[in-house]
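Peer 1: In the order they appear, the protein sequences are chains A and B. When we follow the working numbering, the leftmost residue of the first sequence carries the number 1, and every step to the right adds one. When we follow the working numbering, the leftmost residue of the second sequence carries the number 1, and every step to the right adds one.
Since the hints were made in silico from the structure, they are not lab data. From the three backbone atoms N, C-alpha and C, an ideal C-beta is built for every residue, glycine too. Careful, some of the hints might be misleading.
Unchecked claim - Cβ pair distances, simulated, as ranges:
1. A:71 - B:131: 36 to 46 Å
2. A:154 - B:258: 16 to 26 Å
3. B:79 - A:217: 49 to 59 Å
Listed here are the chains, written in short residue letters.
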Amino acid sequence: MLRYIGQRLLVAIPTLFLVVTAAFFMMRAAPGSPFDSDRKLLPEIEANVLAQYGMNKPLGQQYVDYLAGVAKGDLGPSLKYRDKSVLDILKENYEPSLKLGLSAILIAAIVGVSLGVIAALRQNRTADNVVMAVAILGVCIPTFVTAPLLVLVIASKLGWLPTAGWNDGALANLVLPVTVLALPQIAIISRLTRAGMIEVLGANYIRTARAKGLPESLIVRKHALRAAILPLVSYLGPACAGLITGSLVVEKIFNLPGLGKFFVISALQRDYTVVMGMVIFYAALILVLNLLADLLYAVLDPRVRLA
Amino acid sequence: MRRAPVASAPAVKGRSLWDDARRRLLRNRAAVASVATLALLVLAAAVGPYLTPFAYDQVDKADVWMPPLTNGHLLGTDALGRDLLARLLTGLRVSLAIGLVATTVSLLIGVAWGATAGYVGGKLDEAMMRIVDVLYSLPFIFFVILLMVTFGSNIVLIFVAIGAVEWLTMSRIVRGQTLTLKNKEFVEAARAAGLGRTAIVARHIVPNLLGPVVVYVTLTIPAVILAESFLSFLGLGVQPPMASLGVLIAGGASDMELAPWLLVFPSLVMVVTLMCFNFIGDGLRDAIDPKDR
Chain A
1 MLRYIGQRLL VAIPTLFLVV TAAFFMMRAA PGSPFDSDRK LLPEIEANVL
51 AQYGMNKPLG QQYVDYLAGV AKGDLGPSLK YRDKSVLDIL KENYEPSLKL
101 GLSAILIAAI VGVSLGVIAA LRQNRTADNV VMAVAILGVC IPTFVTAPLL
151 VLVIASKLGW LPTAGWNDGA LANLVLPVTV LALPQIAIIS RLTRAGMIEV
201 LGANYIRTAR AKGLPESLIV RKHALRAAIL PLVSYLGPAC AGLITGSLVV
251 EKIFNLPGLG KFFVISALQR DYTVVMGMVI FYAALILVLN LLADLLYAVL
301 DPRVRLA
Chain B
1 MRRAPVASAP AVKGRSLWDD ARRRLLRNRA AVASVATLAL LVLAAAVGPY
51 LTPFAYDQVD KADVWMPPLT NGHLLGTDAL GRDLLARLLT GLRVSLAIGL
101 VATTVSLLIG VAWGATAGYV GGKLDEAMMR IVDVLYSLPF IFFVILLMVT
151 FGSNIVLIFV AIGAVEWLTM SRIVRGQTLT LKNKEFVEAA RAAGLGRTAI
201 VARHIVPNLL GPVVVYVTLT IPAVILAESF LSFLGLGVQP PMASLGVLIA
251 GGASDMELAP WLLVFPSLVM VVTLMCFNFI GDGLRDAIDP KDR
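One chain only, chain A, in its complex shape:
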């Protein structure tokens, strides 16, 4: 097990390296510089500023320097936010993103699995059709449609919840963003659960369990569910990617603090180091989640051998 984890982490390094390289040169190919402003800087001042950040060196040299920094865990200073390093920005802003993402995935998992199980047990009956219709809607209605519509109806017209803002993560402020983030995931998870459940319920060992006279609820909970949610585990990586994408929209609509906003703004402002830091952070996050998913898979399914 430990050896497997080590191997996977070792493979992750070239991946991250590729990510960093691609992002670095793409960012640098963009016209403009982080020090552009309405007022033109004096050439001497500009040269000084560039020298300060080592940007007067040839691009290849800068790339090597940057890689050396990253290898030591130093993501460099932000070029736009004075006196802040990229790590500072990540540290100060990850909390809302984390809170939103975790709550959304947790709720999506609980609701999605329950709906999927109900649908599978009532296959081709009303409950199933309703759940599947909702699931299709959930997949087809993008976050940037649900978010404004929910704000319009629930927050603006009915006034039940605040329309926007973070308010230190108060529950009322969390409800709408988390719902918006969770809905598409609920749709996908319930579909996956239903498909897995239907397949498993037809398996021989379920028939054996029934023949032994075990109560249906026990069969569902103990025997079927465990096997049926296996496909969900492999969905963990893509789910996380989906949440990140969704959070870009949600942060914008609900005016929340968080990491997503920095990415777009920094990219537009050519804040190279912040953009690179974000890319590295998210790529690493997804790599780790994929690894966790594979480990979890092996724990749940003893037939899978990690090698």
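Since the structure of chain A is already known, use the hints to place chain B on it.
Peer 2: For chain B alone, kept in the frame of chain A given last:
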């Protein structure tokens, strides 16, 4: 023995894979209804912009914030007095076009990549699929955003950027399919019959690849439309005054307190379009590969 050319008498016609698939598809009511709805939407997007009395970018300072059904504006107007119906039809056209073109890009890259990897096999296969794995584990949206920022938001680039990202799954599907097909008995038989490599690929591999590829194409188009709208929503995609569904929804979301119709109608069109594609994709999958049900 070569088959004699059929002159007049129609030979006994076997039911091909595609005949079967068509019959199964026609029995799927959701898919048939979606095809009809989508045909209407495509028609509206194609000819609609020429039929509306207003141009999509025609500003009318006298008629701002008109609710639907006033002053000849069927769906109302926006903050600049532009006719929503005209903008919606144009936006739908742009979104559909992006969906089609970007999907074609992803199709070309994906099929070429996947078929090469699958057919050649060995080290090359391993290297090519490793690249796909690496790209897969990236938050792709970041790279699209970087692309848009790097090269500015023009429509052609949106096509290419999204297409260049969406080919990954396509190449995996094509490779997997090629691998299984390569070792099938009918390919072996064709080889034994002396058919050349190109002929085998063209006559036996590609037609059998087509099924899953077609299914995946119908599922890629909505994904692309969604990705474009997402970019436009963040202000990185299609630039106003040009319209796309994403641009319209973003505009509608910021004005929804004053003019909810600006949000509701574009959202509705978007959702219906995506649903149609998804139903057709699901229907095609069930029709072409019934064992997946």
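Peer 1: With reference to the structure, classify each hint as holding or not holding.
Peer 2: Hints versus structure:
no. : hint                      : in the structure
1   : A:71 - B:131: 36 to 46 Å  : 23 Å, violated
2   : A:154 - B:258: 16 to 26 Å : 18 Å, holds
3   : B:79 - A:217: 49 to 59 Å  : 57 Å, holds
Going through the hint list in order, the structure does not satisfy hint 1, though it satisfies all others.
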